[in-house]
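Asker: Okay, here's what each chain looks like letter by letter:
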Amino acid sequence: MSEHTPKEQNSIPTSKVERSAKFVKTGFKIGGNYIKHYSKKLFNPGMDKSELNEDNASDIYESLSELKGSALKVAQMLSMDKNLLPQAYTDKFSQSQYNAPPLSGPLIVQTFKKYFGKTPDKIFDKFNVRSSNAASIGQVHQAELNGKLLAVKIQYPGVGDSISSDLKLVKPFAFRMLGMSEKELDIYMKEVEERLLEETDYELEVRRSIEFSTACAGLDNVVFPTYYPELSSKRIITMDWLEGKHLREFLQTKPSQKLRNEIGQALWDFYNFQQHELRAVHADPHPGNFMITPEGKLGIIDFGCIKEMPEDFYYPFFSLTSTGLMDNKEETIKAFRQLGMIHQNDSPGQIEFYYNMYRQMISLFAKPYITDHFDFGKAGFFDELYGFGEKVSKMPEFKQARGVKHFIYVNRTNFGLYNILHELKAEVKTDTFKPHVVLEY
Amino acid sequence: MATIESIQKAYVDYVLTEGTEPKSVYIFAKKNKMTEAEFYNYFGSFKALEQNIWAEIAIKTLVEIKGQEVWAQYTAREKALSYFYAFFELLKQQRSFAVYSFQKQPRGLTTPPVFAQLKDIFESFCVEILNEGIESGELSDRKFFSKRYKDALWVQFGFVLHFWIKDSSAGFEKTDEAIEKGVNVTFDLFQRSPIDNLFEYGKFLAKNGGIKESMGFGSF
Numbered sequence: 002m003s004e005h006t007p008k009e010q011n012s013i014p015t016s017k018v019e020r021s022a023k024f025v026k027t028g029f030k031i032g033g034n035y036i037k038h039y040s041k042k043l044f045n046p047g048m049d050k051s052e053l054n055e056d057n058a059s060d061i062y063e064s065l066s067e068l069k070g071s072a073l074k075v076a077q078m079l080s081m082d083k084n085l086l087p088q089a090y091t092d093k094f095s096q097s098q099y100n101a102p103p104l105s106g107p108l109i110v111q112t113f114k115k116y117f118g119k120t121p122d123k124i125f126d127k128f129n130v131r132s133s134n135a136a137s138i139g140q141v142h143q144a145e146l147n148g149k150l151l152a153v154k155i156q157y158p159g160v161g162d163s164i165s166s167d168l169k170l171v172k173p174f175a176f177r178m179l180g181m182s183e184k185e186l187d188i189y190m191k192e193v194e195e196r197l198l199e200e201t202d203y204e205l206e207v208r209r210s211i212e213f214s215t216a217c218a219g220l221d222n223v224v225f226p227t228y229y230p231e232l233s234s235k236r237i238i239t240m241d242w243l244e245g246k247h248l249r250e251f252l253q254t255k256p257s258q259k260l261r262n263e264i265g266q267a268l269w270d271f272y273n274f275q276q277h278e279l280r281a282v283h284a285d286p287h288p289g290n291f292m293i294t295p296e297g298k299l300g301i302i303d304f305g306c307i308k309e310m311p312e313d314f315y316y317p318f319f320s321l322t323s324t325g326l327m328d329n330k331e332e333t334i335k336a337f338r339q340l341g342m343i344h345q346n347d348s349p350g351q352i353e354f355y356y357n358m359y360r361q362m363i364s365l366f367a368k369p370y371i372t373d374h375f376d377f378g379k380a381g382f383f384d385e386l387y388g389f390g391e392k393v394s395k396m397p398e399f400k401q402a403r404g405v406k407h408f409i410y411v412n413r414t415n416f417g418l419y420n421i422l423h424e425l426k427a428e429v430k431t432d433t434f435k436p437h438v439v440l441e442y
Numbered sequence: 014m015a016t017i018e019s020i021q022k023a024y025v026d027y028v029l030t031e032g033t034e035p036k037s038v039y040i041f042a043k044k045n046k047m048t049e050a051e052f053y054n055y056f057g058s059f060k061a062l063e064q065n066i067w068a069e070i071a072i073k074t075l076v077e078i079k080g081q082e083v084w085a086q087y088t089a090r091e092k093a094l095s096y097f098y099a100f101f102e103l104l105k106q107q108r109s110f111a112v113y114s115f116q117k118q119p120r121g122l123t124t125p126p127v128f129a130q131l132k133d134i135f136e137s138f139c140v141e142i143l144n145e146g147i148e149s150g151e152l153s154d155r156k157f158f159s160k161r162y163k164d165a166l167w168v169q170f171g172f173v174l175h176f177w178i179k180d181s182s183a184g185f186e187k188t189d190e191a192i193e194k195g196v197n198v199t200f201d202l203f204q205r206s207p208i209d210n211l212f213e214y215g216k217f218l219a220k221n222g223g224i225k226e227s228m229g230f231g232s233f
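Protein sequences appear in the order of chains A and B. Be aware that the first sequence starts at 2, since it is given in the working numbering, and climbs by one per residue. Be aware that the second sequence starts at 14, since it is given in the working numbering, and climbs by one per residue.
Accuracy of the hints is not assured; some may be wrong.
[Unchecked claim] Part of the chain B face toward chain A, derived, beta carbon under 10 angstroms:
no.	residue
1	Ala71
2	Val83
3	Glu91
4	Lys92
5	Ser95
6	Tyr96
7	Tyr98
8	Glu102
9	Lys105
10	Gln107
11	Arg108
12	Thr188
13	Asp189
14	Glu193
These are computed hints drawn from the structure, not numbers from a lab. For each residue, glycine too, the CB sits at the ideal point set by N, CA and C.
Could you build the full structure based on these sequences and the hints that come with them?
Answerer: Here it is in structure tokens:
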């Protein structure tokens, strides 16, 4: 992490280790800010904390801008530039500071005693107090029970509280950075806060994991760990240990095109089945949440972040991915209005402008849906996406918030998916689970 | 026949119901249908009784943590953490009494008498794990200071106790955080750190030609 070029960097640290290293650094800086604050305060007792908060926020933001995945970069193209910052928080707050110091062995034992009244060695046949890796807001330990290898995820204490208070801390700074009013951004921030807080509820996560893995059980080449509600609680989740490689490691083994296509297809089916059939989707397509098993199947872990899509968002948005609606200008504008992309009081000139821009954007986004198969390995599509995003982010017309709040996570999901497929260089059949479309509004 | 437990239980029940300690041992004994002598068999005063309740929690804590399978693998740092967590977990079962007893104590820098026994137990435990830590090289053996490590831990303990009394978070999660962060910082200070190196370097410079001459490249 030494030779960093802060805001613009070519590669994003993806492994959890790298990410956490980055945030350890931020942690140090923030610690330093506190020291700076208190030493200044010695000489000037009247000083308030605003400077400190600003120092913290800017350091947080700096590490954010280094970290935001390419998924976020692409999402700019839906002019969600404004909504991007909250997305960056999402990543920060889920991966970041909580990754830094691993929980001590005694705290793990304490957490078990608190929720089960027993120490882990009384619950499992074997339990490793040293964690094997970091999960988003906790850490994972390996355990064994009745000859079965288990993964036990334990949440850091106080995460829920910190999320709300940290968001509050960084908020005013964010508004200023983006030059927009609190009211405008608030609705997006709320959405993010809601999702983040849901992620801290492990009981909810277990319920959803079981629900989703049951619903998706019929998909080809996708496997889920079994969850054990009786060994889970508000802060602990116990599931089967999935043997396998993370995406990056998998790619290093130089898998064949056929295998990459199969994994890509499994991913595509997994996401599009949820979006179009369940209308609720695993909204955290972070490479760390997937494993490729030795049998060449896609293992899915972590259902902490689920985005439900209400009908009044689903239909207008996904109908736009069909040429049928897009060819009808009047109906398209109606859909844009419903999605908050064209506002009530826009002038005819503005309507024309946004209509044209959003139309281009969505047709870009919908490209994989238009044909029956799509090669995500080709660079052209992604260059076009980035190029367009770049162009849009420089336009003054997009300096205000547009689009309903649901875009934040739906974009994150879909661009995240596109990106992983791109890394896989997979060619997939895109007509397996098609969007449900209406042609008129 | 009254036992230590039954007397303690009756006492805790009394103070929590009445909000204050009984006027005299006589009244307390009469109310609980025992003789004064029975009370004095075990305790010299109400204060001694309260001391004993706190000390018992400390002893229970030690039995509990030393009985855990992982104990032997723990470093000194982890042993200390383990003590803190287990102590406050046990204390939770008697929170009302703990709050009552704690708040009755005069505020000040000295240890309130009611914690005297608890402190003895705590300190001998600390000395035990600190010595282990120093022997294994986990902790830095510093002249004068390493003898005071246990005091730092006692201060830490007092801080966490105070924090816990005021903690209103669900499941006392905030206290867990306070323990995790506080004990870790304290142990970071016990470890060999840049300060030690700086100190050694200073000593070296002092011995080998004055510090002044060694600074910079020459005379300006």
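Asker: Next, verify each hint and record whether it holds.
Answerer: Hints and how they fare:
1. Ala71: Status violated, d = 16 angstroms.
2. Val83: holds, 6 angstroms
3. Glu91: B/Glu91 check passes; min Cβ-Cβ to chain A is 5 angstroms, inside 10 angstroms.
4. Lys92: Check passed: Cβ of B/Lys92 comes within 8 angstroms of chain A, closer than 10 angstroms.
5. Ser95: The hint holds - B/Ser95 has a Cβ within 10 angstroms of chain A, the shortest such distance being about 4 angstroms.
6. Tyr96: With a closest approach of 8 angstroms, the B/Tyr96 hint holds.
7. Tyr98: At 4 angstroms from the nearest chain A Cβ, B/Tyr98 passes the 10 angstroms test, so the hint holds.
8. Glu102: holds, 6 angstroms
9. Lys105: With a closest approach of 9 angstroms, the B/Lys105 hint holds.
10. Gln107: violated, 16 angstroms
11. Arg108: violated, 14 angstroms
12. Thr188: Holds. Min distance 9 angstroms.
13. Asp189: At about 4 angstroms, which falls below the 10 angstroms cut-off, the nearest Cβ of chain A leaves the hint on B/Asp189 intact, so it holds.
14. Glu193: holds, 5 angstroms
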